[in-house]
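Novice: Sequence:
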Amino acid sequence: MSRYVLRRLLESAVTLILATIVVFIGIRALPGDPARTLAGEESDPATLAAIRSSYGLDQPLPVQYLRYVQKAATGDLGRSPRTGLEVADSIGHALPVTLQLSAFALLIAVLIGIGAGVVAAVRRRKPAEWAANGVALLGLSVPNFWLGQMLILWLAIAYPVFPASGFVSFFDDPAQSVRHLLLPALVLGSGLAAIVMRQTRSAMLEALTADYVRTARAKGLGSAQVVLGHALRNSLIVVVTIVGLQLGALISGAVVTEQLFVLPGFGKLTIDAVFTRDYPMIQGVVLVTATAYILINLIVDLLYSVIDPRIRVGGTAL
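Heads up, the sequence shown is in UniProt numbering, so the first residue is 1 and it goes up one at a time.
Calculated from the structure, these hints are not laboratory results. Incorrect hints may have been included.
To be verified - Here are the in silico distance ranges between beta carbons for each label pair:
| hint | residue 1 | residue 2 | range |
| --- | --- | --- | --- |
| 1 | L85 | Q149 | 45 to 55 Å |
| 2 | P174 | D58 | 49 to 59 Å |
| 3 | W146 | G166 | 19 to 29 Å |
| 4 | I237 | R3 | 19 to 29 Å |
| 5 | I271 | S169 | 46 to 56 Å |
| 6 | Q225 | I17 | 23 to 33 Å |
| 7 | A175 | S2 | 41 to 51 Å |
| 8 | L85 | G166 | 28 to 38 Å |
| 9 | R179 | G220 | 18 to 28 Å |
| 10 | I157 | L221 | 43 to 53 Å |
Virtual Cβ for every residue (Gly too), placed ideally from N, Cα, C.
Could you put the whole structure together from the sequences, leaning on the hints where they help?
Specialist: If you want it as structure tokens, here you go:
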């Protein structure tokens with residue numbers, strides 16, 4: 001187990017380094033002079049020279065990259081020329097908003113998706129399965145921006161049950177946090193719920209025809225114990241993989257939802273940085289996003305052995 005963890009950590013480190021190289025080169029390949037963009041209206045030669053010296057833009061690219069990595073390793077992601085704030089501080093304020101939104105959306109998606117998937121598999125070729133498939137198709141087809149607008153119009157304006165914008169931390173006021181995050185979480189989690197439902201249904205249909213399920217039924221076990229204790233548990237590996245990959249997508253893909261509901265989160269921070277060509281902020285955002293993807297994939301790999309002890313990792317049983 002320890003050998004496998006070390007190998008996965010090494011692979012993750014290499015992936016993270018490659019991601020930083022691609023982003024670093026990609027940002028500097030954009031058309032235009034970064035120093036002129038950072039200078040804004042103050043674009044006289046002295047100001048441009050000072051900016052290039054301050055941000056190391058007058059150095060060769062390998063030197064700039066090594067300087068960036070050295071600072072990033074100590075938590076220094078630079079300073080935003082747009083706001084004048086430290087990039088790490090801006091990300092530290094925005095990331096908890098997106099994490100709470102993503103966690104809420106993930107909870108909704110898992111509860112709805114797994115529940116509907118199990119029902120659709122158990123009630124195959126019955127109205128329950130048709131209804132679950134129809135809802136899943138609807139969740140995959142409806143764009144987030146349209147669903148968000150409809151929820152705002154109906155549940156925040158026509159019938160003001162929930163607020164249309166704003167954010168309250170769950171740790172400050174759980175009730176108000178749920179009220180503010182429920183609509184954006186429904187928008188963000190609807191597509192994931194549909195994916196989880198279809199994957200759960202497919203995995204459950206395969207598990208329900210397996211020999212161990214027939215053996216469990218032959219032993220006289222109840223239907224609920226067979227479905228939940230045997231078939232569902234062995235189907236969760238596929239579901240965990242999908243949820244793990246989609247969690248990273250939720251964190252990086254909350255741009256539209258946060259813009260629509262005016263949430264001061266990671267997505268809005270990214271959009272503002274791209275529109276204003278805030279290079280230090282873009283680099284910091286991508287670095288955090290890539291790190292989140294890598295950590296989530298590592299956690300998902302380790303969860304396999306918890307869900308199914310039969311899985312062998314690194315050639316040895318856990």
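Novice: Output the numbers, in ascending order, of every earlier hint that fails for this structure.
Specialist: 1, 5, 6, 8, 9
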